[in-house]
Amino acid sequence: MNALKRNNVRVIGDGKRAMVLAHGFGCDQNMWRFVAPEFENEFQVVLFDHVGAGGSDLSAYDKTKYSTLHGYADDLVEIGAALGLKDAVFVGHSVSAMIGVLASIKAPDLFGRLVLVGPSARYIDDGDYKGGFSEKQIAELLEFLEDNHMGWSAAMAPSIMGNPDRPELGEELTNSFCRTDPEIAKAFARVTFTSDNRSDLSKVTVPTLILQCSQDIIASEEVGKFVRDRIPGSEIVFLEATGHCPNLSAPTEVVTAIRAYV
Amino acid sequence: MSEPGSDEYRELFEHAPCGYLTIGPDGRITKVNATLAKWTGFAPDQFIGQRLHQFLNMAGRIYYETHIAPLLWMQGSFNEFALDFETAAGERLPTIANAAERRDTDGGVQFTALVFIKAADRRLYERQLVDSRSELRVSLANERQTAELREQFIAVLGHDLRNPLAAISAGARILQRSGNLQNEKELRVLDMINSTVTRMSDLIDNILDFARGRLGGGITLHRAIRPLEPVLEQVVDELRTASPQRVIQTRFEIADPVNCDHTRIGQLASNLIGNALTHGARDMPVRVGAKTNGNEFEFWVANAGEPIPDSAMEKLFEPFFRGDVRASRQGLGLGLHIASQIAQAHGGRIDVTSSPEETRFAFSMPLAQADERIGKP
Amino acid sequence: MSSMKPVILIVEDEFLLRMDSVEILEDAEFEVISAANADEAIAILSARSDVHLVFTDIQMPGSMDGLKLASFVRDRWPPIKIVATSGHVRAAAKDLPEGSVFLPKPYRGVELIATLRDMTGIA
Chain L
25 MNALKRNNVR VIGDGKRAMV LAHGFGCDQN MWRFVAPEFE NEFQVVLFDH
75 VGAGGSDLSA YDKTKYSTLH GYADDLVEIG AALGLKDAVF VGHSVSAMIG
125 VLASIKAPDL FGRLVLVGPS ARYIDDGDYK GGFSEKQIAE LLEFLEDNHM
175 GWSAAMAPSI MGNPDRPELG EELTNSFCRT DPEIAKAFAR VTFTSDNRSD
225 LSKVTVPTLI LQCSQDIIAS EEVGKFVRDR IPGSEIVFLE ATGHCPNLSA
275 PTEVVTAIRA YV
Chain B
7 MSEPGSDEYR ELFEHAPCGY LTIGPDGRIT KVNATLAKWT GFAPDQFIGQ
57 RLHQFLNMAG RIYYETHIAP LLWMQGSFNE FALDFETAAG ERLPTIANAA
107 ERRDTDGGVQ FTALVFIKAA DRRLYERQLV DSRSELRVSL ANERQTAELR
157 EQFIAVLGHD LRNPLAAISA GARILQRSGN LQNEKELRVL DMINSTVTRM
207 SDLIDNILDF ARGRLGGGIT LHRAIRPLEP VLEQVVDELR TASPQRVIQT
257 RFEIADPVNC DHTRIGQLAS NLIGNALTHG ARDMPVRVGA KTNGNEFEFW
307 VANAGEPIPD SAMEKLFEPF FRGDVRASRQ GLGLGLHIAS QIAQAHGGRI
357 DVTSSPEETR FAFSMPLAQA DERIGKP
Chain X
2 MSSMKPVILI VEDEFLLRMD SVEILEDAEF EVISAANADE AIAILSARSD
52 VHLVFTDIQM PGSMDGLKLA SFVRDRWPPI KIVATSGHVR AAAKDLPEGS
102 VFLPKPYRGV ELIATLRDMT GIA
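Chains as they are written, first to last, in this note's numbering: chain L, 25 to 286; chain B, 7 to 383; chain X, 2 to 124.
It cannot be assumed that every hint is accurate.
[What the hints assert, rightly or not] As a list, the in silico EDC-like pairs of lysine to aspartate or glutamate whose alpha-carbon atoms are at most 16 Å apart:
#, chain 1, residue 1, chain 2, residue 2
1, L, K210, B, D51
2, L, K130, L, D98
3, B, K37, B, D51
4, X, K106, B, D51
[Unchecked claim] On the chain L side, residues computed to face chain B include the following (Cβ under 10 Å):
#, residue
5, F157
6, I162
7, E164
8, L166
9, P206
10, T266
11, S273
12, T276
13, A284
Derived from the structure by calculation, the hints contain no laboratory data. Being a predicted model, the structure only gives us computed values, none of them experimental. Glycine included, every Cβ here is placed at the ideal spot set by N, Cα and C.
Between the sequences and the hints, there should be enough to build the whole structure, so can you do that?
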């Protein structure tokens, strides 16, 4: 299975160095739409969808493989290999921050710099560690996701992948950026929110920047600082942007912060 | 009617049959209507200046940050999503919501408007649908697995039951052939062994076919073009042997090749002739004919005797229907049912006519057919 | 050809069925030898060279079933024709050597005779 096709990889711009933008839980590569164009001139910007999101090949979804973040990290390494990437910049949002960390540990030459936007090494509280959520709350989330199928229907799926037989559906379907197979969405949520990568942080060998939002209920400041403390030589920048998706709510601030680091 | 004044609009807003809330560009609530305040048990001024996620349960908060907010930024609106409030009393208020952004001329967000409809029943209904669909999927997977096992079991059972029977038949044939047995009685015994084996074999065939059909398998056909007359002749011979005092007259004129499953057609013939022997007048011949006429293959069996009562005509081909049967003649009442299934599988039919002069079962099937597996309708 | 009658080797493990088939085919002017399993069949085929056709059941005890025997026979003695039968398994064309015939059980004696006459070239 061709990794570029499987993950709906798009490359824009023609800089010498590559910058890989990885979307987080909930949506797809479209969430970089305000950030990606800003780097087109200096970088080869690589956008992709995790398997199960956006325009990725849903038939490649394998329950076992994607039951841990390592499955997603393997895909990322494959994409890097397919494009011949070396020493690239990685910008990972939300759960993709940890996916990028894992990929970097697996393939140390792949990325030269890591930028982690709203990262969290573990979401569920554990003793003194305050991830921000209880197990019960995560269970409620998984239940709740089932109530939000967002009009997903298997019949429409091919059109999201660009089925030439149904041109009337147009290119951008309503909700398509965040809509996917509810089964897969639920599984991805489970993998994300039950993940624990605290022990992986110290193995990172690449310069890392953490972008931390204020009042982010998904990845609090405390959680961001924890990541900074454990990744050797990493830095943290506190954004004024609030909420969990600064790449959408405050793209300029994000672009500035990234540019300053790379 | 005059234009509504701002007071009327205000009334419409405050007491709309839905909850209404607006959020400013900084993410803080700027307006809330009385309906939503009442539903949630918070005073309106408890909303103003706060963030929406403070009124949602945790799942809702996560969903808001990961799906709703991004979609609003990317798409400007989001409709028909579910959201749960946490009321002042700590209870869950399920709603369905629409959200839309209002932007100014250079694209900046002026405010976001959200509308909420109470949806406890609808959400519950949807949830039940989703749950039962999951259950069905699991059931289906189990069913399929069980069906496979059943198929295998039927196949093995059939084979294991038929093999020893075939051996018994073979043994009887050997003895008959040997010529050592001159004694009338002994020869008669061998005849009876054969006919009993035939009866048992038909019974097994019928039971297994029935089981397979009922269990969803349908009758599988293996079509070929081979001479059909020998098959029919042998069926008649077996039945003559089993009922030596009965007369079976045959007239076979099969001019064209018939693409059919010979074993099954033999089974159909056996069932129809057997039926005629059971129910027809014992002192009159049973007449059997077969012919092709260009488009069709026809096979018919006719007997004299009491006509089939009207009440029975409708149920003839139903499983286990035995009509008025003399106690000595056993049978499960499956023969005609199976025959009709075989007819259908070949794309054909069985027609019945019955009068005091004659009762006739006529099977006809088209000659032109592709090889296919036809399941039970 | 050393014999006027075609020589048929029947391979069938069920005693009565084997005996019955031998008699049916002898009555139909074939010369018939029989074996109860694949090993016996191979011993017979190794000892004489005039067998025209092997008629074998598929389900048999022993080292080889009918399908494996068929393939062995085709491999070692390519001119020998093969007819296979079974009440349980339905063999497809690809399971048997090229040019072989599968006769499903139950078959009528006349069908067997017709098939064998067909394959050994007797009208």
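Now for the hints, and whether the structure bears them out:
{"no.": "1", "hint": "K210(L) to D51(B)", "result": "36 Å, violated"}
{"no.": "2", "hint": "K130(L) to D98(L)", "result": "8 Å, holds"}
{"no.": "3", "hint": "K37(B) to D51(B)", "result": "9 Å, holds"}
{"no.": "4", "hint": "K106(X) to D51(B)", "result": "87 Å, violated"}
{"no.": "5", "hint": "F157", "result": "7 Å, holds"}
{"no.": "6", "hint": "I162", "result": "8 Å, holds"}
{"no.": "7", "hint": "E164", "result": "4 Å, holds"}
{"no.": "8", "hint": "L166", "result": "8 Å, holds"}
{"no.": "9", "hint": "P206", "result": "8 Å, holds"}
{"no.": "10", "hint": "T266", "result": "6 Å, holds"}
{"no.": "11", "hint": "S273", "result": "6 Å, holds"}
{"no.": "12", "hint": "T276", "result": "12 Å, violated"}
{"no.": "13", "hint": "A284", "result": "23 Å, violated"}
In this structure, the earlier hints numbered 1, 4, 12, 13 are contradicted, and the remaining ones agree with it.
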